[in-house]
Amino acid sequence: MPGMLSKILPRDETFFEMFVELAENINAGAKAMVELLENYTNVAVQVEIIKGLEHKGDTITHAVMKKLDQTFVTPFDREDIHEFTSTIDDVLDLTDAAASRLVTYRVDRIRPGVADLAKILEEATARIATAVRVLEKRNHILDHCIEINRLENEGDRVSRALIAQLFEEEKDPVQIIKWKEIIEVLEHAIDKCEDVANVIESVVLKNA
Amino acid sequence: MPGMLSKILPRDETFFEMFVELAENINAGAKAMVELLENYTNVAVQVEIIKGLEHKGDTITHAVMKKLDQTFVTPFDREDIHEFTSTIDDVLDLTDAAASRLVTYRVDRIRPGVADLAKILEEATARIATAVRVLEKRNHILDHCIEINRLENEGDRVSRALIAQLFEEEKDPVQIIKWKEIIEVLEHAIDKCEDVANVIESVVLKNA
Amino acid sequence: MPGMLSKILPRDETFFEMFVELAENINAGAKAMVELLENYTNVAVQVEIIKGLEHKGDTITHAVMKKLDQTFVTPFDREDIHEFTSTIDDVLDLTDAAASRLVTYRVDRIRPGVADLAKILEEATARIATAVRVLEKRNHILDHCIEINRLENEGDRVSRALIAQLFEEEKDPVQIIKWKEIIEVLEHAIDKCEDVANVIESVVLKNA
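If you're matching them up, the sequences are chains A, B and C in order. Numbering of the first sequence is given in our numbering, commencing with residue 1 and proceeding in unit increments. Numbering of the second sequence is given in our numbering, commencing with residue 1 and proceeding in unit increments. Numbering of the third sequence is given in our numbering, commencing with residue 1 and proceeding in unit increments.
Calculated from the structure, these hints are not laboratory results. A couple of the hints might just be wrong.
Since the list gives no way to pick out one identical chain from another, each pair is judged satisfied if it fits inside one copy or across any two copies.
What the hints assert, rightly or not - Derived DSS-like pairs (lysine-lysine); straight-line CA-CA distance at most 30 Å: (1) K67 with K119; (2) K206 with K66; (3) K137 with K56; (4) K206 with K67; (5) K119 with K31; (6) K31 with K67; (7) K51 with K66; (8) K56 with K119.
Here the structure is a predicted model, which means the values were calculated and not measured.
All chains should be modelled from the sequences, with the hints used to inform the complete structure.
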């Protein structure tokens, strides 16, 4: 695939290549989120990076839709491709939503433990990328889906602990409102990873 | 279709006619919401009007389901018709949810800017009605879907700005809880317009 | 089906038997929730019981998935079976989420009226169990779905009244945040019952 020509000629990517790009892009978004929470400086710039990845995801999604419109034989059902891209898009939308709330709410320091939730999102999206890379050959793909389910349960447990701690320690109701939501949006992004795994599972079962 | 007879005889509406009615009904709901927010008097009466439109939508949906049960050849897949009607139903449910919260929360004046969010909902639902009117002939239908996506992004931007302003200006946490939710429910109604557009897109792609 | 042998030999359950088990399990979860709210003692133990039912549901779901993977002819489309099990799973997830919030938020007494909302959930899940028991023979199944829709509307009405009352009576914003969410999660569980009914409706219409 590399080499001079492929850099010059317009690439005709396959669907699977575009799915991998989408998956790697949500993983890049999750990584940027961990970085932002662990190194909370130049916030506006870091939030813009995540927003940029979200726009990149939209561009790839539109390319998939265009290709779908011009292709007769697709690797799996058109409506499953549609659901896969829109669910994967949700993960990055929610990552971006969590990031942008830090700006909207003028958050000046990150509560301890919140970065751990973003790390679970990073792991879950990495696992999605792995699953999508083997989507064509299907080896061990259901194992990756099971692992994503496990990570979703862990995300649930961690976010509950963070919220319990928030109500325990924080007495200002406005701070409680802000942080409760940031934690929940991150958890929701992890939930969406499970939805992506469900779509993958469903596609694999249908084409078994 | 017009003329004396069609007014007298029981109409046997086609699926497409009923889809247009459903779409125009959610647009009527959004218009009533803008009116309510811009002219905040006789609140209980205006909220009842929106509730009435929601019931009307349920009646049309049941008629679609009944026709589906009695029809052998449908214009597109039965399950897509089902998803289309239930997603479009969600838009009006959420419009109604936003309206009814004004009563539940005993809101006595509307915060500046909130009507702008309802206007985006009005535009998005008008665009859905336009798309549904051309669903049979399919001309330029994907352009309408793209415009609905753009409006969803704008709704997102406006609601984020409203919430930032809310936290900036309002110091009473109870007022923050109430208004944050009203804004979010309106934004959610706009999000659902994007889901409707996705169903339309998916149907068009499947039957390409 | 009963008798000595079926108790000794490993059972090869049919899909329909497993669907009934899943439905009865969410009904058991709802019953345990009513019991918890009406008899608010030994909270940690009662919350664990609901968590246990949620794990049981996961186990049945995995068994369905495994059987799906090993079966050539399925009673209805593979993707519908997948959607049915994942939607029904959501009901118990949300029941468990409501229960666990009582612990997370260190709730020490239950507000009046909240148990009524859980009773609607109990009724809706009982109705799902009834619908699923007749799924194979299909008699009057759509009537059960209509009744679940009615219960969803009632859940909506009751939760709105509870939230209005909460804002009326409770002055502590932190208490408002906690109870508003517990009420909403319960209402969301009831909403999901309507989603289950929609999947059942859709399956019945498709296979009409």
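Q | Structure versus earlier hints, numbers of those that do not hold, lowest first | A | 1
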